[in-house]
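Trainee: Each chain, written out:
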Amino acid sequence: MSTSTAAPPTVVNFTVDGRQLSAPPGTLLIDACKRAGIEIPAFCYYEGYSLQAACRMCLVEVEKMPKLQTACTLPVMEGMIVRSETEQIHKARKGTLEFLLTNHPLDCPVCDKGGECELQDMVFRYGAGESRFTEIKNHEPERQWSPVVFYDPARCILCYRCVRACNEGMGVGALGVTNRGVVSEIAPNMVDHLDCDECGACIDICPVGALTSNTYRYKTRPWEMQHVGTVCTHCSNGCKTTLGVRNDEIVRGNNRDRSGINGEFLCVKGRYGFDVSTNEERVTSPMIRINGKLEAVSWSKALGFVAEKFRSVSTAGGSFGVVAGPHLTNEELFYLQKFTRAGLKTSNLDHARSGDLVTLLDALSGKTDALATSDDCYNTKAALVIGSDLSQQHPFLAFQLRADVRHHKANIYTVTPGPVREAKYSAQSIEVPVGGEFDALRNLTETLKGEQELVILFGDSIKGQRVRDLVEWASGLGIPVKYVCLVDYSNSRGAMDMGVMPNLLPGYEVDPHPGMSLGQMLSHETLDVLWVVGANPLRGKTLASKQAFVVTQTMFLEETSERADVVFPSASAYEKNGTVTNVTGQVQRLKAAVRTMGAKTDLEICGLLAKELGLAVEIGVWSHDVVFKEIHKSVRGYNVPLPILITGGAAATNPVNGRVAVDVRIEDIQSAGDTLFTSGELGRYSKLLTSVPEFPGALYKR
Amino acid sequence: MTFTPETEQKLQAIWSRYPAGRKRSAVIPMLMYAQDETGQVTQEMIAEVAKRCEVTPLQVEEVVGYYSMLNKQKMGKHHVQVCTNIACLLMGGEELWHHTTKRLGIGHKQVTADGLISLEEVECAGACSWAPCVVDGYEYHHHMTIEKLDQLLDSIENKVQ
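First to last, the protein sequences are chains B and L.
Quick note: the first sequence uses this note's numbering, first residue 677, plus one each step.
Quick note: the second sequence uses this note's numbering, first residue 19, plus one each step.
Among the hints, erroneous ones may be present.
To be verified - Estimated spans, in silico, between C-beta atoms of each pair:
(1) L/175 - B/869: 41 to 47 Å
(2) L/86 - B/1051: 47 to 53 Å
(3) B/1055 - L/35: 38 to 44 Å
(4) B/869 - L/134: 36 to 42 Å
(5) B/1084 - L/38: 22 to 28 Å
(6) L/87 - B/781: 29 to 35 Å
(7) L/155 - B/1366: 52 to 58 Å
(8) L/87 - B/818: 28 to 34 Å
(9) L/22 - B/781: 44 to 50 Å
(10) B/803 - L/84: 29 to 35 Å
(11) B/1373 - L/146: 54 to 60 Å
(12) B/1238 - L/84: 53 to 59 Å
(13) B/727 - L/155: 34 to 40 Å
Claimed, not checked - For lysine to aspartate or glutamate, the following DMTMM-like pairs were computed, each having C-alpha atoms within a straight-line distance of at most 20 Å:
(14) L/90 - B/868
(15) L/69 - B/871
(16) L/90 - B/861
(17) L/166 - L/138
(18) B/1377 - L/72
Read the hints as simulated data drawn from the structure, not as lab findings.
C-beta: ideal position from N, C-alpha, C; glycine also.
Could you build all of it, start to finish, from the sequences and the hints given here?
Mentor: Here it is as structure tokens:
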């Protein structure tokens, strides 16, 4: 035997329809053709999931192969000569369609999928309009499997896409196929209903209208909607969601165009959590407390009243406290902090903090390229999750890790206080109570030293000194390590970046005049004004100051607004333009999808208040574009390429690399511990999220 | 769920044949043995097999739905399968089938009132060389004729009396 072996070829040359093509070895013919702009139709094949070869639509002719071959399972080979459209292929595909249509009802005029149905497109192309079958079609009535998912067996073409998406993509495995032959159908895991994530991935991936969603079914046709690409407003992962809007109403959310960081991934919140904006409990008019009761007043009266109060407290040297919500846009947060610091001359400014990024940045001082993005979670060779039920609290990051395991055979390690879904495919899962993480980490040290690289995702149990300990421990591994500090909500990260903290200015510059933190404000007995923008700090907490004049900007009359003297109706994130920054520091654009009568964006409300107080010139124009320009120019790390943002992409911010020398009050850092079905203040008002049987769910239980 | 010691022994034997991580391969034989004991596949049984074979109950459910030899409804003490696929059909399988249904008064996948015999029309029992073929439980009866079939059914009925 020869000792020298030829290096494996890095490229394979082949011919499709007379065109010379090349692709890396191992590429599937269907993918190679797609990249060259040659479409090979397929129902069962789906990029990223396992191969099925069930539908027989992708049949192609390959020279020297006697029968037609399925392009979805055939890797390209050197010298292969392929024809993708010949009379024989046409006939085969037409025959396949004729078979699929033997039991498929022709109810396209009422089917949700009509207009964007892959079967419809194929029949249109190959023209299997007539059938030789004379038998009566098998018909089964449709079934409701959950408040979200409906299944119509007659429309199902058994491509198994939903089964694989649920099993492989989501790691749930709630769908299967039961029975055989002409009577086989998709089955849910609980015999007649589903116990799952209710994410709706199965509905989106269905090439026909067999799986339909309760929020969208029979409501509209795809071509009657406007499609608005924006960012999901719930958790911090920052998934892009494309909202289908008809007559100023959001009727569906999905991301079939695969724009954004998340591709087609969305969880139940991203697909269905938009109904918060149409909840009838929404505040639609400014209100002032008159004789102990909140009464609707005009905008000018409410703004004048608040401005008057602010002015008098300011003149008398009184104290202000400002609390911002983690769902506001970067522009709103930046404007609000400027208002507070430059206008109200105080740094009593905070938000509900859910992760200790500040200490992490300080601990990483001098290290470059040490913060992971969501792409890193998909590409890394190893990942370590500490103190988070990732698939519930950060569903998209968990999806990335699952895909990383499937596609790159990555090793996942978890150190959590209870069972997590990641354990099913992890290299090692350790359950330790909160506080014992470092013992578990020490046990993992030797194993991890053998990895080539590592992404560490850590939750709120690692804060303060423990963050420094973690960084020190990871430095000792001798491999490149990147970090993700997990935070709760859609713009929790942005709130920190924009300096909505008592001791840090935008871009993590130390505030020379630090103010009170959220906890300190609430317990301050003589606080004069508490201004709450898009948050509910009084849920389960009390305000120590009896004299405080409380102003809220809110969508709903929650606990804080019940204590408020003035309430302004604010817009939801589906009604706003601006930007938000996700947990991995990627900034993306929000696009207003609908308008809601009565409500104004928080930016506009703050701007109008500034104008009323005569501060408008100093604080600036309250237009999101203008404020973003200022952020782009002045906030460290936000000098991102604008074309990426404008085209709806995610631009990685580059946070400070240097000391952030401030004291972090770790008692102020606490994750809300939302499950897959809760979403803090917003989730309470989503009827769909609260209607699924899995609600509210529990962390470390599933 | 607990099984009789004999069934349990069989289940253990088949289960231990597969290495860790590949226990799912034991799903079909385990279901067969378990079904032999009770005459049907129950939800409880599905859950038990799923647990032992490290798969979800739904995955076991898929197998049960796919294979016609696994029955969710209770079958008779003797499950008689008559093949009417091509080879047996040519050799008189269909006549055998009609004769059996007439004699027992039951049809495909039905059970006699006393729960003694259930009937199934099967697609190829894998004994074409000796067609027509009738299977009673795991027992094959080759070159069947109506007379021989009657004798078989008589013996089943007499055995009990």
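Trainee: Hint says 36 to 42 Å; check whether the CB-CB distance for residue 869 of chain B and residue 134 of chain L agrees.
Mentor: Holds, at about 37 Å.
Trainee: Has the hinted range 28 to 34 Å been met by the Cβ atoms of residue 87 of chain L and residue 818 of chain B?
Mentor: holds (30 Å)
Trainee: Does residue 138 of chain L sit within 20 Å of residue 166 of chain L, going by the straight-line distance between their CA atoms?
Mentor: holds (18 Å)
Trainee: Determine whether the Cβ-Cβ distance between residue 87 of chain L and residue 781 of chain B falls within the hinted range of 29 to 35 Å.
Mentor: At roughly 32 Å between Cβ atoms, residue 781 of chain B and residue 87 of chain L fall inside 29 to 35 Å, so the hint holds.
Trainee: Taking the beta carbons of residue 86 of chain L and residue 1051 of chain B, is their distance inside 47 to 53 Å?
Mentor: holds (48 Å)
Trainee: Against the 20 Å threshold, does the CA-CA distance of residue 90 of chain L and residue 868 of chain B hold or violate the hint?
Mentor: Holds, because 16 Å separates the two Cα atoms, which is no more than 20 Å.
Trainee: Can the suggested window of 29 to 35 Å be confirmed for the beta-carbon pair residue 803 of chain B and residue 84 of chain L?
Mentor: At 34 Å between Cβs, range holds.
Trainee: If I claimed the Cβ atoms of residue 1238 of chain B and residue 84 of chain L lie 53 to 59 Å apart, would that claim hold in this structure?
Mentor: holds (58 Å)
Trainee: Is residue 69 of chain L within 20 Å of residue 871 of chain B, Cα to Cα?
Mentor: holds (18 Å)
Trainee: Taking 34 to 40 Å as the stated bounds, is the beta-carbon spacing between residue 727 of chain B and residue 155 of chain L within them?
Mentor: For residue 155 of chain L against residue 727 of chain B, whose Cβ atoms are near 39 Å apart, the range 34 to 40 Å holds.
Trainee: Holds or violated: residue 1377 of chain B with residue 72 of chain L, Cα cutoff 20 Å?
Mentor: OK: residue 1377 of chain B and residue 72 of chain L at ~19 Å, within 20 Å.
Trainee: Kindly confirm whether 54 to 60 Å is satisfied by the beta carbon distance between residue 1373 of chain B and residue 146 of chain L.
Mentor: This hint holds: roughly 55 Å between Cβ atoms.
Violated hints are absent here; each numbered hint is respected by the structure.
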